[in-house]
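Student: Sequence:
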Amino acid sequence: MTQATKLIDALNGTFGCHKSFRASHAKGFTVSGRFIPAQTNAGVQIPLLQSEQPVAARFSVGGGKPGISDKSPTVRGIGLMIGGASEVWSLALISAPVFFANSAQQFVDFLAARAPDPEIGGPNPEKVKAFNTANPNTVPHQEYLKSTSPCRCYSTERYHSGHAYGFSIDNASVAARLVLEPTAGRTGLTPEELAVFPDDFLRDAMTLKLADGPVCWVLKLIVANAADEVRDPTVPWDGEHREIVLGTIEIEDLDDGKESQLRVFDPAHLAKGVDAPGDKVFALRSAAYAESKSRRTE
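For the sequence shown, full-length UniProt numbering assigns the number 1 to the initial residue and increments by one for each residue that follows.
FYI, nobody ran anything at the bench for these hints, they're computed from the structure. All C-beta atoms in this analysis are idealised placements derived from N, C-alpha and C, irrespective of residue type, glycine included.
Below are the DSS-like pairs computed for lysine-lysine, each with C-alpha atoms no more than 30 angstroms apart in a straight line:
| # | residue 1 | residue 2 |
| --- | --- | --- |
| 1 | K65 | K280 |
| 2 | K209 | K146 |
| 3 | K127 | K280 |
| 4 | K71 | K220 |
Estimated spans, in silico, between C-beta atoms of each pair:
| # | residue 1 | residue 2 | range |
| --- | --- | --- | --- |
| 5 | A130 | S20 | 32 to 38 angstroms |
| 6 | P73 | K293 | 25 to 31 angstroms |
| 7 | A172 | A211 | 40 to 46 angstroms |
| 8 | D170 | G122 | 47 to 53 angstroms |
| 9 | Q142 | E229 | 14 to 20 angstroms |
| 10 | Q45 | G121 | 52 to 58 angstroms |
| 11 | L254 | D117 | 35 to 41 angstroms |
| 12 | D256 | S72 | 20 to 26 angstroms |
Construct the complete structure from the given sequences, taking the supplied hints into account.
Tutor: This is the structure:
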C-alpha cells in the first residue's frame, strides 16, 4: 500500500467516502480572476509574476464532508492556479498559519484519533487528548482554530502556505512562506452571527460581494529569519519578518463549469524561480491529490 493510499484511506475513515467529492476540502466552489503584479518585485526572480496572469481558484471548507457547516471550526482553503497554457503556478493555501501534521504517519494518526466512536457518535475526547499529548507540535494548529472565529466571507479570510518555498531575492537564496492578505481585512463571525447564520452561507456571501466588483488579496512572501524552522510546517514563525509584495489576486466571477470543478490544485506545479519546500508533507501532496482524484472520477 502506497503512502498516498494510506492518506486518502485515513481521510475516508474519518469523514466517510463521498462519491464524486474530494477526500479533503470536499465542500467548495470554483471562481476565476487575475493576478496583477506589484509595481516593484523587490528583487524576487519569478518571471511568471512579472506580468498580468489569469487565475483559476477554488474556495473550500476543510474536512472531507460535503455537507459540513460553513460555521464549523475548521480551516478554510483556497486553491490557486496562476498562469496560462505556457506556465502555471499552483498553490493550496489554508486559513491556519501552520499545519496539523509534519509527516505521513502523524497525518494518519491525527485523523485516526478523531475518527467517529460508535458509542459516542463523534471523536473520543480521550483519544484526542492522548494524541495531542504525544504530538505537541500539532497543537498550535488546533489552538489557532479554537481561538479564531470562522470567516464571515471567503473574501475576509487570510490564507497561508504553511510550507516554506525557496526563492532568489537579490541573487540570494532564501526561504519564505506565502500569505494572501485580504484587502478588506480579516473578519470573523460574531457569537450572535454564529448562532443565526445558516450552515450554507459562504457561497451566497461571495456572490453578493462579487456583484459589487472584484474581491482582492495581496500576495506576499514572509521571509524566514535565521532561527525559523523551514522544514516543518507545523511550527509557527514568531516575531517580525520581512514581507515582500508579489502582487494582487483579484477574483472576479463564479466559475461552475465541469472542467473548473475537476481541477486539481497540486502545488507540485511550481513557477520558474520557485523551489519546492523541503518538508515531508509537501512531498506527499502530489500523489495524494492524484489518488483522491482517481477515486472521485471512477
